[in-house]
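Novice: Okay, here's what each chain looks like letter by letter:
There are 4 protein chains.
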Amino acid sequence: MKIGLIINIKRPDAFKVARGVIDWLTKEGDYCLVMETEAAIAMGYEGLGADPIEMQSVDLILAMGGDGTLLHTVRVIDGKSIPILGINLGSLGFLTEITENEIYSILKNILQGHYQLEKRMMLSIKVVRQGSAPVRFKALNEAVITESEIARMINLKVSIDAEYLTTYRADGLIISTPTGSTAYSLSAGGPIVVPQLRLLMLTPVCPHTLTARPMIIPESSRITIDVIAAQSILTIDGQQAYSLRLNDRVEIERAEEETCLIKPQQCGFYEVLRNKLKWGGGIAG
Amino acid sequence: MKIGLIINIKRPDAFKVARGVIDWLTKEGDYCLVMETEAAIAMGYEGLGADPIEMQSVDLILAMGGDGTLLHTVRVIDGKSIPILGINLGSLGFLTEITENEIYSILKNILQGHYQLEKRMMLSIKVVRQGSAPVRFKALNEAVITESEIARMINLKVSIDAEYLTTYRADGLIISTPTGSTAYSLSAGGPIVVPQLRLLMLTPVCPHTLTARPMIIPESSRITIDVIAAQSILTIDGQQAYSLRLNDRVEIERAEEETCLIKPQQCGFYEVLRNKLKWGGGIAG
Amino acid sequence: MKIGLIINIKRPDAFKVARGVIDWLTKEGDYCLVMETEAAIAMGYEGLGADPIEMQSVDLILAMGGDGTLLHTVRVIDGKSIPILGINLGSLGFLTEITENEIYSILKNILQGHYQLEKRMMLSIKVVRQGSAPVRFKALNEAVITESEIARMINLKVSIDAEYLTTYRADGLIISTPTGSTAYSLSAGGPIVVPQLRLLMLTPVCPHTLTARPMIIPESSRITIDVIAAQSILTIDGQQAYSLRLNDRVEIERAEEETCLIKPQQCGFYEVLRNKLKWGGGIAG
Amino acid sequence: MKIGLIINIKRPDAFKVARGVIDWLTKEGDYCLVMETEAAIAMGYEGLGADPIEMQSVDLILAMGGDGTLLHTVRVIDGKSIPILGINLGSLGFLTEITENEIYSILKNILQGHYQLEKRMMLSIKVVRQGSAPVRFKALNEAVITESEIARMINLKVSIDAEYLTTYRADGLIISTPTGSTAYSLSAGGPIVVPQLRLLMLTPVCPHTLTARPMIIPESSRITIDVIAAQSILTIDGQQAYSLRLNDRVEIERAEEETCLIKPQQCGFYEVLRNKLKWGGGIAG
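So the sequences go chain by chain: A, B, C and D. Numbering of the first sequence is given in the numbering used here, commencing with residue 1 and proceeding in unit increments. Numbering of the second sequence is given in the numbering used here, commencing with residue 1 and proceeding in unit increments. Numbering of the third sequence is given in the numbering used here, commencing with residue 1 and proceeding in unit increments. Numbering of the fourth sequence is given in the numbering used here, commencing with residue 1 and proceeding in unit increments.
Calculated from the structure, these hints are not laboratory results. Misleading hints may appear alongside valid ones.
As the list makes no split between identical chains, a pair holds if one copy fits it or if it spans any two.
DMTMM-like cross-link-like pairs, simulated, lysine to aspartate or glutamate; straight-line CA separation at most 20 Å [to be verified]:
# : residue 1 : residue 2
1 : LYS2      : ASP13
2 : LYS119    : GLU219
3 : LYS263    : GLU163
4 : LYS108    : GLU38
5 : LYS119    : ASP13
6 : LYS119    : GLU251
7 : LYS157    : GLU271
8 : LYS10     : GLU257
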């Protein structure tokens, strides 16, 4: 069994936890451990360093950090459906629910095959530019198109399944999965969506009109966005940025693959919500 | 073939249109026409009057009025899956898309069986009160629970599939279908949902906290609402009101039946949205 | 010196605190104490009972309860500019900042004349009905007009200084002072206004349009609201309700009097905000 | 009398209108006309070219373009209190209300001294960086601080009059005048403020918390913003951008000068609102 370790090397506490996990795994059984080259060097485990292709061939991934580390993991494995256990080193995460203290008891179960997977839909994003090969991305949370210049406003002509929807004049447009509903879309005014659902959401950022609203469309929809602005940026899961040009077309649809999160099931989504969003108290306390 | 006519008798123009349709149908073929007793008397067609049970046995319904008339129709047929053609006598409706001018060409096609049905999910609502038989409703748009007194705020303890969600302190709570997303939920800040989707939405009305947000949950969810307020009202599709008491429990889930709207397909949902919500123009015009 | 006590008789803890205060004041000096008849009877201090007119002639008021008790106090003294000390018996209030523990040290200072007054603007509301004498109210937080029937939506034609503004189609309309900005208006989506400001705010409740927004207008504005709905209710500070009829006209402007809150100045408005609204933490904690 | 002409040289129609106005003014009297060098060259009026200092010494300014041109004008004259007539060449503007057709009749009155000025408050912005001289700006609409990098979120510690308010985690923060309330702040969810008011408004852009709300504070407030992010940008009226560094401090208060708009008074603010924001129609039409 080959286990990949993704470690947020900007967090000193991640090193300590990762060392503990590596020691434990080494004692526990005959596992092949790999990690990203950069992390391997930073931690002094040069022998465990692996290139991206190798990272994508593991049987299980342990992601140690926070929700950002998990989004980075999805990028490293290019959205492949490898079971991921998110270990949260800071405050409770939406994607990384287990804490340092729970690691070993949960790992024991996982290594014996006792775990449940929660599958999350992803986006497949394609940028089409005349005269170039299309560029492709996958996103677990969202794809965002924003203006890159001082003049914030952007014009985006959006069609769904080849039917014209509207032309957004806004700071930007978020195309989000249910998982992404509690990320950037929430800041931009979007609703909360239970992550097991299968649908796509369009949330405009600071629309330059009072009539735009977040919009929920079927998972089968193919969204086509024509960029009518000189300089704009496509951002994937807050992790990757890609410069768009005038007349570029961005096509977004549901990805075939799904992200596979290992759920130790201590904590339901509604409980996470209450904690993260501080629900339960009124203004008057 | 038995055809039911639902006519908004508060609109004088509905009479004229209804008379035209009745004359046309009479000439066109051997149809059995029925209408609600009150409308039949108001229009002088006493012979066509039918009780609710009979109205629920027709093969086709023509609803003449606006979106409110269509919601009334759903109530009259108790949510049964009878094909309904909504004829709009005023401004473009979300549910009633065809206009007076288009009636006869469309009716001709429908009577020859040339039409498409768009199925819309509905809510099944049950009010459980100790010592009483449960009371049941069906809703195409939404169920709303609000306070009935001067003190506007209400406390509603909500669970989903027996998992505690939160206790809303708010003016009210809307449980909406996708179809209802462009009705009261939209006024309360909810997102727009493509009506063919299958999901449930909870939208609080004036929540007494800054952290509440509209919430999208799976269609399979069973929502349980415990009323922790002395005097509150359950409203169904803006058509029926039912007084709730302290300790009443309201259970809401997807109804088995679906409303069957006849779609002449001139107009897609996105086009209706652009028209109804005046999309397309920025603040600066 | 004549001191009025306003006690929230629905809160058992208020009795205990009130008895303590009465005992302390009796020992401390030769003060004439009065309270509302109902409270006097409930507490067994029948001799201290006073009618509303007498309550309006006191030199100082101690309001024991919460923000609601303070709004009740404003009503009892008909908005007169008598110094009010709000003593909070529960969670921190926007209007009642001092707690049980601080009462006696603060009272000592106040009785020696050592205190600062914070003046808050109020609304003067007049309902004009043909053939009747106008009815008048004063509000510290807000005046709200809502529909009283199952059909929630109301039509309100609003002019400001005789210039037509718009006709609101909404669940209701809130006309608020800066003090009221953290009350019902906040639930309806209004901004937070520093209470020392002098301005008027119009916040629609669930407007049946996407283009309505809260609106800030000068304190000198005279707002005229024509009621174009059969059955609606005017609510004052969540304390008084008055049934409006079709064609009633509601005129709202700044009141001449101001509410005088005694500020012990431990706590600035921004600190209260951070506490009450749970500011300071992001979603990610 | 010296008249400055500010012309949006990106709009071809502005040239035609400007030529007409120059011809008319030349015939009408003995006026000294000046314009920005770039515009003078573009239009072939090299003799009228003037440097910024000279542009700031005129008696009257005619700004031909849209609201953006008027904001540019304020920048050119460095916020000096010179009467400005905004001539709108496109759709109705909030700042530029008169149209091409009305120019000459209105100009005639203005040149005879028959006009009213509407004074609008401005912001004075100072950027303090250790070891550098402070940099100063003036804004008629707003100052905005945003993140300049792919990671959108910014941390801004805000104090008002040296009292700590909160630390915003957001895409950005808008500090706006009443005039600016219908500009970027409106897109970010801010209320509408009658422009004659005197107050300051803080509107967070996509706050990474559900509890942030637009906030109205007194015009006398001094806002201090400590930048706790490596790379952020200060934008003034959407016209000027200035790169901020970690530990820069931005101080914002009301400017001493006010912008002086010439109001031909055909059109009140509420009428402009109804037109620009498409008020008046409900969702149901």
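Novice: If you test the structure against every hint from before, which numbers come out violated?
Specialist: Failing hints, ascending: 1, 4, 5, 6 and 8.
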